[in-house]
Amino acid sequence: MIVPMGHILIVSTTLFFMGLGCILARRNLIMILIGIEIMINAAGLVLVGASALWRQADGQVFVLLLMGVTAAEVAIALAMVVYLYGFKRNLDIDNFDGMRG
Amino acid sequence: MSRDLIFLIPLLPLAGALLNMLGGRFWPRRVTESLAVAAVAGATLAAALLWPLSGGEGTTVELFGWLRAGPLQVPMVLHFDRLAACMALMVTGVSTLIHVYGTGYLHRKEDAVRFFVLLNLFVFAMLTVVLADNLLLLLLGWEGVGFCSYALIGYWYREEENASAGRKAFLVTRCADVFLLAAILWLFQLTGTLSITAINAQAPLLAPGTVTLLALLLLVGASGKSAQLPFMTWLPDAMAGPTPVSALIHAATMVTAGVYLLCRIFPLISQSPTGMAAIAAVGTLTALYAATCALVQRDIKRLLAYSTMSQIGYMFLAVGAGTVTGAMFHLLTHAFFKALLFMAAGGIIHLAAGEMDLFKLGGLARRSPAVFWPLLAGVLCLAGIPLTGGFFSKDAILLASFARGNMFYQVLCLLGLLTALLTAMYSFRLIYLVGPARKGDIGEPHHLPSTMLWTLIPLAILGLAGGLLNLPGVWGGNEWLEGLLGPLITAGEPAHVFELLLGLIASLLSLAGWLWARWRYAGKPEPRPVGTAGTFFLKGWQADRAIETLLLGPFRAIARFWSAIVDERLLEGGVFLAARSCEGFGQQLRRLTTGRLGHYLTAMAFGLGAIMVWVLLQSI
Numbered sequence: 001m002i003v004p005m006g007h008i009l010i011v012s013t014t015l016f017f018m019g020l021g022c023i024l025a026r027r028n029l030i031m032i033l034i035g036i037e038i039m040i041n042a043a044g045l046v047l048v049g050a051s052a053l054w055r056q057a058d059g060q061v062f063v064l065l066l067m068g069v070t071a072a073e074v075a076i077a078l079a080m081v082v083y084l085y086g087f088k089r090n091l092d093i094d095n096f097d098g099m100r101g
Numbered sequence: 001m002s003r004d005l006i007f008l009i010p011l012l013p014l015a016g017a018l019l020n021m022l023g024g025r026f027w028p029r030r031v032t033e034s035l036a037v038a039a040v041a042g043a044t045l046a047a048a049l050l051w052p053l054s055g056g057e058g059t060t061v062e063l064f065g066w067l068r069a070g071p072l073q074v075p076m077v078l079h080f081d082r083l084a085a086c087m088a089l090m091v092t093g094v095s096t097l098i099h100v101y102g103t104g105y106l107h108r109k110e111d112a113v114r115f116f117v118l119l120n121l122f123v124f125a126m127l128t129v130v131l132a133d134n135l136l137l138l139l140l141g142w143e144g145v146g147f148c149s150y151a152l153i154g155y156w157y158r159e160e161e162n163a164s165a166g167r168k169a170f171l172v173t174r175c176a177d178v179f180l181l182a183a184i185l186w187l188f189q190l191t192g193t194l195s196i197t198a199i200n201a202q203a204p205l206l207a208p209g210t211v212t213l214l215a216l217l218l219l220v221g222a223s224g225k226s227a228q229l230p231f232m233t234w235l236p237d238a239m240a241g242p243t244p245v246s247a248l249i250h251a252a253t254m255v256t257a258g259v260y261l262l263c264r265i266f267p268l269i270s271q272s273p274t275g276m277a278a279i280a281a282v283g284t285l286t287a288l289y290a291a292t293c294a295l296v297q298r299d300i301k302r303l304l305a306y307s308t309m310s311q312i313g314y315m316f317l318a319v320g321a322g323t324v325t326g327a328m329f330h331l332l333t334h335a336f337f338k339a340l341l342f343m344a345a346g347g348i349i350h351l352a353a354g355e356m357d358l359f360k361l362g363g364l365a366r367r368s369p370a371v372f373w374p375l376l377a378g379v380l381c382l383a384g385i386p387l388t389g390g391f392f393s394k395d396a397i398l399l400a401s402f403a404r405g406n407m408f409y410q411v412l413c414l415l416g417l418l419t420a421l422l423t424a425m426y427s428f429r430l431i432y433l434v435g436p437a438r439k440g441d442i443g444e445p446h447h448l449p450s451t452m453l454w455t456l457i458p459l460a461i462l463g464l465a466g467g468l469l470n471l472p473g474v475w476g477g478n479e480w481l482e483g484l485l486g487p488l489i490t491a492g493e494p495a496h497v498f499e500l501l502l503g504l505i506a507s508l509l510s511l512a513g514w515l516w517a518r519w520r521y522a523g524k525p526e527p528r529p530v531g532t533a534g535t536f537f538l539k540g541w542q543a544d545r546a547i548e549t550l551l552l553g554p555f556r557a558i559a560r561f562w563s564a565i566v567d568e569r570l571l572e573g574g575v576f577l578a579a580r581s582c583e584g585f586g587q588q589l590r591r592l593t594t595g596r597l598g599h600y601l602t603a604m605a606f607g608l609g610a611i612m613v614w615v616l617l618q619s620i
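Sequences listed follow chains W and A, in order.
The numbering of the first sequence is this note's numbering, which starts it at 1 and goes up by one.
The numbering of the second sequence is this note's numbering, which starts it at 1 and goes up by one.
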């Protein structure tokens with residue numbers, strides 16, 4: 001293995017927290033979705049790395065699964081974004097507080 | 001006759017009731033009436049034909065097992081001895097006449113089916129009480145009688161007054177029934193059986209204190225049905241029912257049930273001198289109380305109701321004095337003449353178009369002799385005029401009480417004599433108010449159906465000649481009833497001189513009562529203003545008000561306390577407090593639900609962080 005596992009972990013953790021920061025800090029719905037994608041991919045990176053470290057294919061299989069799920073999720077999420085945009089004419093999440101108790 | 005046919009006596013009225021209940025709507029009224037009368041008449045016939053079976057120890061028939069649970073064995077057992085046979089014959093016989101009378105009385109009124117069904121059921125329940133050899137079966141009949149009387153007193157239930165009179169009768173008698181039930185349960189616990197004959201046989205083995213308490217419990221139980229102190233308030237109000245019902249309840253059946261119960265269980269209660277004294281005292285006091293009330297009543301049916309109460313008091317005195325024969329003798333003669341009086345009163349009220357005020361009735365002697373003469377016969381019996389049935393039976397009771405030879409019973413005997421005087425006074429007052437014509441009579445007489453007239457005749461004959469049932473030796477009789485029921489009297493035989501002397505005193509007293517009524521009411525038809533004492537007696541010694549203040553008032557206050565303070569404030573307050581705090585908590589919680597995605601995401605991130613910290617700490 002060329003890249004040491006430690007580096008992979010550092011990169012993916014950084015990626016993960018960047019995604020998290022994006023989610024928490026941004027107000028735009030699309031940006032939040034992007035943040036989520038980044039976090040998922042960070043997790044996928046760790047899986048691939050671990051799979052290479054222990055020489056087992058499970059992790060890579062899991063990443064393939066993850067990609068499929070993500071694709072489906074993005075499809076639904078974008079459809080909802082379009083719908084919500086038609087609803088409120090912008091995508092600022094602070095406008096969507098219909099669930100307030 | 002086969003012994004198995006005894007069940008027919010109570011079954012026939014039940015069958016009549018069931019048939020009318022199911023089919024009463026489909027056949028004409030005439031059929032309903034005939035069925036009802038035929039059922040009771042059949043029961044009378046059965047009782048008469050089966051009379052030979054009651055000799056000796058009587059006949060006991062077990063029909064079928066009713067409750068079987070370990071030691072509790074309650075079979076349906078009928079016991080047909082002389083006591084039961086006498087009572088059954090009287091009940092069925094008088095009831096038959098009352099049923100016939102009822103067909104005329106209810107001539108144009110609605111709901112005849114309900115009336116006759118209830119009447120038949122009433123007779124059935126009473127016959128169950130009479131024939132039961134099992135205390136639980138007896139209680140079944142006892143409650144059945146109570147229910148039927150409730151339904152019949154409130155027969156015209158559309159008027160609130162009648163319905164509440166029925167309710168009152170039911171509730172007051174229920175209060176007393178609780179004591180009877182307690183006595184029955186206790187007897188079962190003590191003797192392990194519910195059979196009356198078995199209990200009577202075991203009676204001498206019980207502890208004296210226990211027997212006294214049992215006797216008192218039974219006395220209270222009997223007082224409720226028999227309208228004795230302090231459960232007497234329901235009887236005058238029970239007059240709200242139709243007149244045949246009054247006759248049935250007050251003469252033949254319900255009120256005599258208590259006396260009959262005490263007679264039936266006499267071997268038990270006779271073990272307790274205290275219990276006997278209490279029974280005698282209750283009876284005498286009730287007799288005196290009711291006689292004073294009857295003296296001033298203006299409503300003819302209320303007057304008769306109080307007189308019934310008074311006469312039942314005599315029967316209690318008889319039981320207390322130890323003479324079952326005396327009690328049964330008076331019970332029989334009283335049943336005849338009191339049924340007669342009520343039926344005659346029903347005729348009078350009918351003639352006067354529903355008027356019940358004694359001071360507005362009058363002129364009966366001229367207008368309807370067919371009602372007046374039987375009424376007079378009934379009144380003579382009630383007043384105890386010599387040689388009528390009432391005279392002999394009342395005398396026998398007073399004599400038995402006197403012959404006990406102790407001070408207590410002699411005082412009771414004197415009170416009984418005083419009551420006899422009062423009885424004669426109010427009886428003749430009734431005649432003097434109803435008989436002679438007066439100004440302002442109700443003019444147009446109604447026509448009386450023939451069934452309301454001829455039924456009075458046999459009762460009048462039975463009442464007048466009732467003394468022959470148990471004519472004392474002094475008067476040349478052979479004490480037939482005494483021979484039948486067996487000498488249960490425990491006291492010594494009194495001297496004949498006493499017997500004659502007492503008879504003489506009683507005759508003089510009834511004569512004095514007649515003279516008083518003649519002096520006071522003959523030719524003076526206008527009602528006088530009643531004084532304070534009069535009002536007091538008219539209201540039954542304010543018994544209703546006393547019960548209201550002593551019993552119902554505090555009860556209501558307690559109920560109000562529990563309802564207004566405990567329930568509404570305390571319990572409801574607690575519930576509301578819990579509800580409000582839940583609601584307040586919820587109000588605080590809902591502030592967390594902002595509906596903003598950002599907040600949720602932040603919360604999720606921090607939650608995730610917390611979980612990760614926790615996992616890390618775990619792994620250390």
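Just so you know, these hints were derived from the structure itself, not from any lab.
Predicted, not measured: the structure shown is a model, and the values here were computed from it.
Yeah, the Cβ is synthetic: ideal placement off N, Cα and C, and Gly gets one too.
Hints should not be assumed to be uniformly reliable.
[As the list claims (entries may be wrong)] With the C-beta cut set under 10 Å, the calculated list includes, among others, these residues of chain W facing chain A:
| id | residue |
| --- | --- |
| 1 | Ile23 |
| 2 | Arg26 |
| 3 | Arg27 |
| 4 | Ile30 |
| 5 | Ile34 |
| 6 | Ile38 |
| 7 | Ile40 |
| 8 | Ala43 |
| 9 | Arg89 |
| 10 | Ile93 |
| 11 | Asp94 |
| 12 | Phe96 |
| 13 | Asp97 |
| 14 | Met99 |
Hint check results:
1. Ile23: holds (5 Å)
2. Arg26: holds (9 Å)
3. Arg27: holds (7 Å)
4. Ile30: With a closest approach of 13 Å, the Ile30/W hint is violated.
5. Ile34: violated (14 Å)
6. Ile38: The hint is violated - Ile38/W has no Cβ within 10 Å of chain A, the shortest such distance being about 14 Å.
7. Ile40: violated (14 Å)
8. Ala43: violated (13 Å)
9. Arg89: At about 17 Å, which exceeds the 10 Å cut-off, the nearest Cβ of chain A leaves the hint on Arg89/W violated.
10. Ile93: At about 4 Å, which falls below the 10 Å cut-off, the nearest Cβ of chain A leaves the hint on Ile93/W intact, so it holds.
11. Asp94: Check passed: Cβ of Asp94/W comes within 6 Å of chain A, closer than 10 Å.
12. Phe96: Because about 6 Å separates Phe96/W from the closest Cβ in chain A, which is inside the 10 Å limit, the hint holds.
13. Asp97: holds (4 Å)
14. Met99: holds (4 Å)
Of the numbered hints stated above, those contradicted by the structure are hints 4, 5, 6, 7, 8, 9, listed in ascending order.
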